[in-house]
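Participant: Taking the hints into account, I'd like the entire structure generated from these sequences.
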Amino acid sequence: MEFGPFVKSILILDLEGKRVASKFYSDDWPTNEERRTFEKNVFSMTHMKNARTEAEVTIFKDEIVVYKFIEDLHFYVTGGEEENEVLLATVLEAVLGAIFIVLKKKVNKMEALTHLDLVLLCLDETIDGGIIVDTDAKSIARKATGVSLDPGAEELTIGEALKSARGQVMKALSGFI
Amino acid sequence: MAQPLVKKDDDRDDEADYSPFLGIEKGAVLQEARVFNDPQLDARRCSQVITKLLYLLNQGDSFTKVEATEVFFAVTKLFQSRDNGLRRMVYLIIKDLSPSADEVIIVTSSLMKDMNSRTDMYRANAIRVLCRITDGTLLTQIERYLKQAIVDKNPVVASAALVSGIHLLQTTPEIVKRWSNEVQEAVQSRAALVQFHALALLHQKGLGLFDPDQQNILLNLQIRQNDRLAVSKLVTSLTKGTVRSPLAQCLLIRYTSQVIRETGVNSQTGDRPFYDYLESCLRHKAEMVIFEAAKAITELSNVTTRELTPAITVLQLFLSSSKPVLRFAAVRTLNKVAMTHPMAVTNCNIDMESLISDQNRSIATLAITTLLKTGNESSVDRLMKQITNFMSDIADEFKIVVVEAIRSLCLKFPLKYRSLMNFLSNILREEGGFEYKKAIVDSIVILIRDIPDAKEGGLLHLCEFIEDCEFTYLSTQVSFYLSRIPSYLVALCFSQILHFIGNEGPKTSDPSKYIRYIYNRVILENATVRASAVSTLAKFGALVDSLKPRIFILLRRCLFDNDDEVRDRATLYLNSLGDGSVAETDKDVKEFLFGSLDIPLTNIETTLRNYEQNPTEEPFDIYSVPREVKSLPLVEKKAPGKKPTALGGLPPAPTSASDAYERLLSSIPEFANFGKIFKSSVPVELTEAETEYAVNVVKHIFDQHVVFQYNCTNTIPEQLLENVTVIVDASEAEEFSEVGVKPLKSLPYDTPAQTFVAFEKAEGVPAVGKFSNTLRFTVKEVDTSTGEAEDDGVEDEYQLEDFEVVAADYILKVGVSNFRNAWESMDPDTERIDEYGLGPRESLVEAVNAVISLLGMQPCEGSEMVPSNSRSHTCLLSGVYIGNVKVLVRLSFGMDATKEVAMKLAVRSDDVNVSEAIHEIVASG
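Sequence order for the protein chains is A and B. If you read the first sequence in the numbering used here, its first letter stands for residue 610, the second for the next number, and so on. If you read the second sequence in the numbering used here, its first letter stands for residue 20, the second for the next number, and so on.
Note that these hints are calculated values from the structure, not bench results. Ideal Cβ placement from N, Cα and C applies to all residues, glycine included. Be careful, since some hints might not be right.
Derived DEER-like restraints, expressed as beta-carbon distance ranges [said to hold, decoys possible]:
(1) B:Ser-117 to A:Gly-755: 19 to 29 Å
(2) B:Ile-413 to A:Gly-755: 45 to 55 Å
(3) A:Met-657 to B:Pro-471: 43 to 53 Å
(4) A:Glu-625 to B:Glu-751: 44 to 54 Å
(5) B:Glu-636 to A:Pro-639: 51 to 61 Å
(6) A:Glu-625 to B:Leu-434: 45 to 55 Å
(7) B:Asp-587 to A:Pro-639: 47 to 57 Å
(8) A:Glu-690 to B:Asp-295: 21 to 31 Å
(9) A:Glu-690 to B:Ala-120: 35 to 45 Å
Facilitator: Okay, here's the thing in structure tokens:
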């Protein structure tokens, strides 16, 4: 795709940078080792950052990396140096929003793995071979689940959704302390 | 495991690290996958197993071919189930398993059935899966359905077909281009995403992948680009409220800028077509569209300030956005603009300065470097203050960017060198990796060179730097700097600095103050740096006469160094600088110390290599090194069947051809380390006479390698060939493995040139085999009147003849003057004798020639000449076998009444094994 927006990878990593679910659409990383290295590099460059309220962005070796963290999950969408970062951020929000809906507002590693099928379906409905299929979180979630959704989750805007997620983090944290 | 995916417990505090896939094991999952074969399918259970398989695949676990096939076949059984959720998972895993062509056939019918299903979800997904896994042949069967799907009422189905079309365009464009009408209909779709995907597909087509006669709007737009009115109309039709999704809008912007690039500015009005459209997109409600448009405007070629202003204005607004992505996007774009139009960006300087303290360090770095580019002389000091606080908490790669920006700023405002140089020297002492430090040192060096006033201070900074590094090292603090960097890199860096000080230091007002720093290196550093320091001292001695006596004392001390190189250098310099008296240094000595080597280093390397390989008493002569920078063009004169004639015993002197080969091959870095050519064959023609491209091959045999040199001639004046390579199929030459290809960049008409392919083989082994060849190249049309080639080329191939590497390629034809003497002088124990039946032959001549060419040896004493009608003959051959083993062969032929030829073969050689090898060649030939 010379002109069309192209997403090179979507990474979902845990607090230690381990892969929860990642998709690679570019030939830049043909082997799993190269993919792991890329994940490791991206993670070590970003994990100290605070990307919980707004999506953050950086550039790593000619790769635009847009990222956002929710609870113990780190979400990344990456694209080429020439790509529109605002567009990549839109894709990121779409993935997050859809996953938020299918996981019924409980976005964390445990839930994501328990419902890995739904998470993978969300990714599949957002990007097909690097090409953006859909950027509407609700529509992605609907397609991924194929069943009528919890109306409560659908009513929430993404902003509200994330606020609620943040609340849960605080709760979880206070539980630990 | 009835319930493999355990739901989360409420009291997860106890098991915070619990993963539903903890301890998952591939073998066990593959076992579980047997449930797919159950006659009564448990959809839920099957979905769970698929999820586990997907998890393994996603984690990068590799399935063997057998495992993947097994899973794939089991999965295909699941099409029997009517469970929606399960079907969805089946689609997903089929894509991830990426089945082979023969496996695809198994699911094709199921997927085609789903493509025509009433369930939209089935239709959409079946299309995506099928298009992902299918190849061209199958595509023609389903094309009809795909065209239907593009205009399907359900937008999800239409999008699925369009997205698949975008992918298929890469592999089978000829099929997708037939969908033009449907795609154009989809562009008008009311569904935003369908429109986006249709536009994306059209977009691709507009790039010339389609025939010009194909109808589609955007292509028309390109063809009629001179007709501004028509073009505007078309863009208007696409832009006036009919483009619904922001994504589609972004695409249109990208396409518009492409058209603008191709049309150029209207020379009469100075207007740029479509600029208005881009400008109007700056007022779009979606941020991604605004940014796309702003970016497009800033990237216009020769953009004017008037055109830039509206774009800069929206970017400036983004700078103070609460969203980091917007700030980043804006500052990154402005940073690029600042390189070409610094004045246009100055309005944003205030917003930019507040970004220096941005939490996001990428944004802060970009802001700083932009400011450095746009800042004026008066703001430099303030800026440097801000940056100092900031440098400590950004990553090295950002620091390098900053250092480079400061360097160019300093060159722009030379008067400010003091504060900038101080800044550089300060950050040089702080923590940082090698690349970063190197960037700083390089910057200081450049500033010293270009700003005369900065020289004295800069040199002292460098001196102190190497001194300080030593200090950290000696005090054995675990310094970040030294612990991270390999010592050889530090040495390299120091040597470079010393070299530089040696060239610049003596020209300063007080050269003596550098001596201490340099001599400290001689005392404290490793051998590499010590040697550099000795050279540097000598340079001071040569240029500053008053320092000479002191330098001599120091150099004499170096004579006791425990490193050879250091001692050698000290001795050399002591001798060349004279007796230590305060006298003018010889001009020759200065030339020797400061003069640069005007011989390309690669040439020296090649010559030295050859020198080493051919032991000789003569000293190496630097003047024998060719000075011209190597370029290849060596016109290969075809050696017209230069079979040696009856002049037996004439050793073929190294011909000019073999010398030329040697030079040619050693000039190619990839082949330079193959050593010396053992033998180069005569060119073997790989094409018929009078064909479009004439190609012959020369086989170069090395000890462990063979290199095929393809001499290509392009006989078509209307063509220019580029990236010419020969694709060699060595499947019938198992002992060879391809190690390198040297493509030919360009092959103009009637100018012979070479491309090479190298193979590796076992050392000293006469491996044989057959090679099939295909010439591959990009062909470009050439306008014969102007001689200019078109920009776009077409890839093409041209089948060449096969050739073989045979045993004879490993034997050099080296004759002897007196065969009998030579034969007698060889150890009789190495002699091997055997008899062979050569079958019925036309004549003895034919039999003799066959054996000679099989062995590739030099016939001696005219013995290859067979008197006509003779029934018996003796032929004497001599040669050198690979590994430099001398071989002599005595052949005795006899022919009986039935024309059956028998041959006695006697071999003597320096090595018994070679004698046997010769017999093997004959036996297997």
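Participant: Hints first: check each against the structure and report whether it holds.
Facilitator: Each hint tested on the structure:
Here the CB-CB span from B:Ser-117 to A:Gly-755 is close to 24 Å, well matched to the stated 19 to 29 Å. Here the CB-CB span from B:Ile-413 to A:Gly-755 is close to 47 Å, well matched to the stated 45 to 55 Å. Separated by about 45 Å at the C-beta atoms, A:Met-657 and B:Pro-471 satisfy the suggested range of 43 to 53 Å. At about 52 Å, the beta-carbon gap between A:Glu-625 and B:Glu-751 stays in the expected band of 44 to 54 Å.
A hinted range of 51 to 61 Å for the beta carbons of B:Glu-636 and A:Pro-639 is consistent with their spacing of about 54 Å. For the pair A:Glu-625 and B:Leu-434, the supplied restraint of 45 to 55 Å holds, since their beta-carbon distance comes to about 52 Å. Checked against the hint of 47 to 57 Å, the C-beta distance between B:Asp-587 and A:Pro-639 comes to roughly 49 Å, which is consistent with it. Roughly 29 Å separates the CB atoms of A:Glu-690 and B:Asp-295, a value that falls within the hinted 21 to 31 Å.
Against the hinted window of 35 to 45 Å, the Cβ-Cβ separation of A:Glu-690 and B:Ala-120 comes to about 36 Å, which satisfies the hint.
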